[in-house]
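**Student:** Spelled out from the first residue to the last, the chains are:
Protein chains: 4
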Amino acid sequence: MATRGVGGGSARQTHHLTEERQGTFHYTMGPYSEPVLTVSPGDRIVVETRDAFEGAIQHETDKPSQLLRMPFLNPQNGPIMVEGAQKGDTVAVYIESMVPRGQNPRGTCCMIEEFGGLTGTAYTAMLNEPLPEVVRKINLDEENVYWSDRVTLPYKPHIGTLSCSPEIDSINSLTPDNHGGNMDLPDMGPGSVTYLPVRSPGARVFIGDAHACQGDGEVCGVAVEYSATVTIRVDLIKGWTIDWPRLETADLIMAIGSARPLEDATRIAYRELIRWMVAEFGFDKWDAYMLLSQCGIVRLGNFVDPKYSVAAAVRKTIITR
Amino acid sequence: MATRGVGGGSARQTHHLTEERQGTFHYTMGPYSEPVLTVSPGDRIVVETRDAFEGAIQHETDKPSQLLRMPFLNPQNGPIMVEGAQKGDTVAVYIESMVPRGQNPRGTCCMIEEFGGLTGTAYTAMLNEPLPEVVRKINLDEENVYWSDRVTLPYKPHIGTLSCSPEIDSINSLTPDNHGGNMDLPDMGPGSVTYLPVRSPGARVFIGDAHACQGDGEVCGVAVEYSATVTIRVDLIKGWTIDWPRLETADLIMAIGSARPLEDATRIAYRELIRWMVAEFGFDKWDAYMLLSQCGIVRLGNFVDPKYSVAAAVRKTIITR
Amino acid sequence: MATRGVGGGSARQTHHLTEERQGTFHYTMGPYSEPVLTVSPGDRIVVETRDAFEGAIQHETDKPSQLLRMPFLNPQNGPIMVEGAQKGDTVAVYIESMVPRGQNPRGTCCMIEEFGGLTGTAYTAMLNEPLPEVVRKINLDEENVYWSDRVTLPYKPHIGTLSCSPEIDSINSLTPDNHGGNMDLPDMGPGSVTYLPVRSPGARVFIGDAHACQGDGEVCGVAVEYSATVTIRVDLIKGWTIDWPRLETADLIMAIGSARPLEDATRIAYRELIRWMVAEFGFDKWDAYMLLSQCGIVRLGNFVDPKYSVAAAVRKTIITR
Amino acid sequence: MATRGVGGGSARQTHHLTEERQGTFHYTMGPYSEPVLTVSPGDRIVVETRDAFEGAIQHETDKPSQLLRMPFLNPQNGPIMVEGAQKGDTVAVYIESMVPRGQNPRGTCCMIEEFGGLTGTAYTAMLNEPLPEVVRKINLDEENVYWSDRVTLPYKPHIGTLSCSPEIDSINSLTPDNHGGNMDLPDMGPGSVTYLPVRSPGARVFIGDAHACQGDGEVCGVAVEYSATVTIRVDLIKGWTIDWPRLETADLIMAIGSARPLEDATRIAYRELIRWMVAEFGFDKWDAYMLLSQCGIVRLGNFVDPKYSVAAAVRKTIITR
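Just so you know, the protein sequences line up as chains A, B, C and D, in that order. So in the working numbering, spot 287 of the first sequence is number 287, and the numbers just go up one at a time. So in the working numbering, spot 226 of the second sequence is number 226, and the numbers just go up one at a time. So in the working numbering, spot 210 of the third sequence is number 210, and the numbers just go up one at a time. So in the working numbering, spot 5 of the fourth sequence is number 5, and the numbers just go up one at a time.
Incorrect hints may have been included.
As the list makes no split between identical chains, a pair holds if one copy fits it or if it spans any two.
What the hints assert, rightly or not - Heads up, simulated DMTMM-like pairs for lysine to aspartate or glutamate below, C-alpha to C-alpha not over 20 Å straight-line:
1) K238 x D287
2) K285 x E114
3) K137 x D284
4) K87 x D243
5) K238 x E19
6) K63 x E114
7) K63 x E113
8) K316 x E142
9) K63 x D287
10) K285 x E129
11) K238 x E34
12) K285 x E133
13) K238 x E280
14) K285 x D149
15) K156 x E142
16) K137 x D287
17) K238 x E167
Worth flagging that the hints you see were computed from the coordinates, not collected in a lab.
From just these sequences and the hints, can you work out the full model?
**Tutor:** Below, the structure written as structure tokens:
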């Protein structure tokens, strides 16, 4: 799809969306906020993102319940206006690089009361006592995430939250849906392209929620959250209308669904992938359906947010002739 | 709870929110729209609501797919500002009466493609062909709903969609959540009081979606939708903070949850009801939990919207001494 | 449907299925157990049922975790063989009366670790500490259930678990499915008729789990469980094939679905009800679907068992001409 | 865990469970069927499995609805008795090899009415017309699966259905649960070890449902089903009690959960994995929970069976010191 972009594959201009330029971060993605930047299709943007807790959690003795204030979580940079973007188009976001910010970069993981995959929550309401609050501060660099004395994990950066604006709604930055949002897919890292449906003039791109690494499903509810300098290119594909976000990596095309229950997210993802294979790769619908039953790949983004995110994927080598 | 209202139980003033005064209807409920009216706690408001299709479906030969334009469905009157309402307060909406509008009032029911309880939808994505589009226009008066030659149903009017604004989000009028929204509870009719959490200055009350009658769950996705003159009183309870909407009828107190899957909506409703019994009626938590296991009443609002709504209720005779 | 029974509406013979005659109770319903009784269609059977804990919980200081031994819970009487019953037929179980057993009848309610609607369970696995174990012993008679000093509830007896055997599976008595099982519907009381699909020669009827009363959803997981003398008549409808259990009361016909998530149980129930209205009451399929959207009644049996049970109902006055 | 087996890692004896010796295949797994073989812990068994349709679908013009007869699907070999196995023990099944049977081995894929991930089913009941019936016969060998002129897939054989008997229930071979059953995990191939909880004397191992390859989730409901000669070794680990099946490959330890909705299957899998890490690898519970949020791997077995199966995994390199 990349070759269809208005920008033609090369960045004309590089913009710097520093914290200062951003000013106020956003906690809801919609058509009602003031743009911070306008770019041409193909332009590069260097974005200074804040971690999902906006730096509020600094010590392992901190209590998230005392420092976090719903719904002001998961701060987003943007909205970035893309010239010429109209409802019915698609924006392509190339993630070029993600570099930790600061001298001694540290990430944060924590257990938050009534949040996470193995606890009662505001939506899966239980009478049990909440789990304890636990905070982990984790040193990291561009090679590794130093989880503990015992465990070191590779640095696998990706963007947790990426969106264009809905048409008339404004959706908090914790919730993924068909506009994108808090999808938490580990595949959305450097080298990937995310396709987002444009529903509002100028597209209004929001980005944030950098993760230094994350497991499938983000089971405790929190990844290694960190502040990053994220370099992206934003291109525009005119007249390509998609219903849900899509993702492309070196090896895969992926369609993303976000819903509850989790099977509905999976259904959306697989149906969108079939539609993609039919529309762009010449497959018959039933052949695609039965073929994916043999070689489809499912990635669980998260099953902890207000909606859950799943990607259904297929290897490019299988679908291209 | 009613006795706690600032308004003191009697309406000082009656406002008329006509179609003309309303001007543009709203399809998303949030803090970003222009108020159409400001009232004092206790005031009465006579609201001219439009049917959920805004009158677009007039004939049984009409095709909803040609006439309806997502997300511009389920038009809402408002926002109505309530003087003195602040985050942490609760608004009480008394529905006093609902009268069909027009000379020969007719309601509308229809089957909409990929919408309803027994069909694949945008969220429960299937590859099956959609169900046929069928439109029913139904004569009605303040006594009856004349469904067919064979079946006449009693007129049981209620409000499908009632909300205060979320704090920072703006949520389309098809979706219920903890702000209220499209709950579709048949108990929300004349004689009932709905309690809604205030999260935005002035509360910003939205109302619409009158139903002449509706079955539990609204299984085909559509009730008998009609235009009504709805008379409400809006009172304000300072300092009473609730997490989810609640409802009071002559016989019942009801707590409402909206979520997917349906068991999560039910969990929320029952947990909120237990919290209400503990906080206001002197029950021990475990006693309330076990007692509701013997006498709790569950009402299914809808299982067709982007989130499903359930009310858990208990008879007042059981909980008051 | 009743008039179609082979038994012709009057009981030829009355059988007594005492505890002694029952001998070993059953905890799984299938085709592999020894029959305890063979009856002719229309015969009356007086059954001595044990409470769901088989009397193991006698004091409010008891700990269910020490006294209950999975999967040996919810003891069932039966299997009762019905002469002439073949796969494809339907058995009709008329509940005539339910009388508490013993001199000073007491029911039992309790909170069981990792069981119930508002707690993590074996299937909705959480890391939270379990809720406390609480036991309530409740005096009752044929008028009332004496819940506490404060609350007295009416005696509303019903059968929690009623089944014919599956064809080849044997299903534990905690789980409802299309064979019947642990449906926990408060409507299944004296005066009701339950229709169960026959899948095994002789039908193999199992019955147990008497409740002195129960709220919608059985939220804490346990009703007022008691030992009862249950008088039933069992009739046979040849050649009437149903996929899921159905229920008839004085006012309603009800179709029952059991599944997770709860919306799937609701879908099954409504689809079966539509099929019933089309096959037996002359409705067009889409008319039935849209009509139930206006007057359907949903009853939540339980949302605490391994599968959840929902009944969808319609008033007989609406569907009969 | 392997090293703990009674069998000590080497097979004393090799048994041949041919079709002839098997005689009648089984469609339900429980304690009520006649053993076909008794083995010592550590013994090797060469099993001739039939495809999931028992060879009934031979031509692409066949109609599954005419040839398949519920519940007689997915034939299982067994039960195989393991000497010394008692409730509370664990059986370890090593899959050594899977070879296609017959001269010109062909697999079968098909679309079955009301079965699959993107269609209404018996449990997710819809009113939509079913999808068309489509049959694919696929040539295969030990290298490749020749899907179509366009697509060739690698041969990645695995076992779809593997179980020990439940204690008192008998569960049809389409349904996975905590006894194992129809889990459809592509990781369960040659080189893997599956751990199954013993609940019945002799364990009663059942095996069947060979797949030449399968995508995550088995989206159309059917893999490339084929008849295979499966060589396994069955060992016994005394006194190791597990609640759900587990799996070990060269790189991973995996815990398997089967439930609906899909998030519940995922919750079970992750909780069991945490318990494993705590019990056997010296992790603190909260550390394991938060660590898996960074490096957990989720595999979707199927989301098409009566219960869905998910595995949660972690790399051995991360958890071993």
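**Student:** Could you run down the list of hints and mark each one as holding or not?
**Tutor:** Here is how each hint holds up against the structure:
| no. | hint | verdict |
| --- | --- | --- |
| 1 | K238 x D287 | neither (29 Å within a copy, 43 Å between copies) |
| 2 | K285 x E114 | between (42 Å within a copy, 17 Å between copies) |
| 3 | K137 x D284 | between (50 Å within a copy, 17 Å between copies) |
| 4 | K87 x D243 | within (11 Å within a copy, 35 Å between copies) |
| 5 | K238 x E19 | neither (31 Å within a copy, 39 Å between copies) |
| 6 | K63 x E114 | within (14 Å within a copy, 28 Å between copies) |
| 7 | K63 x E113 | within (10 Å within a copy, 29 Å between copies) |
| 8 | K316 x E142 | neither (29 Å within a copy, 23 Å between copies) |
| 9 | K63 x D287 | between (53 Å within a copy, 17 Å between copies) |
| 10 | K285 x E129 | between (49 Å within a copy, 13 Å between copies) |
| 11 | K238 x E34 | neither (24 Å within a copy, 33 Å between copies) |
| 12 | K285 x E133 | between (48 Å within a copy, 13 Å between copies) |
| 13 | K238 x E280 | within (15 Å within a copy, 55 Å between copies) |
| 14 | K285 x D149 | between (51 Å within a copy, 16 Å between copies) |
| 15 | K156 x E142 | within (9 Å within a copy, 35 Å between copies) |
| 16 | K137 x D287 | between (49 Å within a copy, 13 Å between copies) |
| 17 | K238 x E167 | within (17 Å within a copy, 35 Å between copies) |
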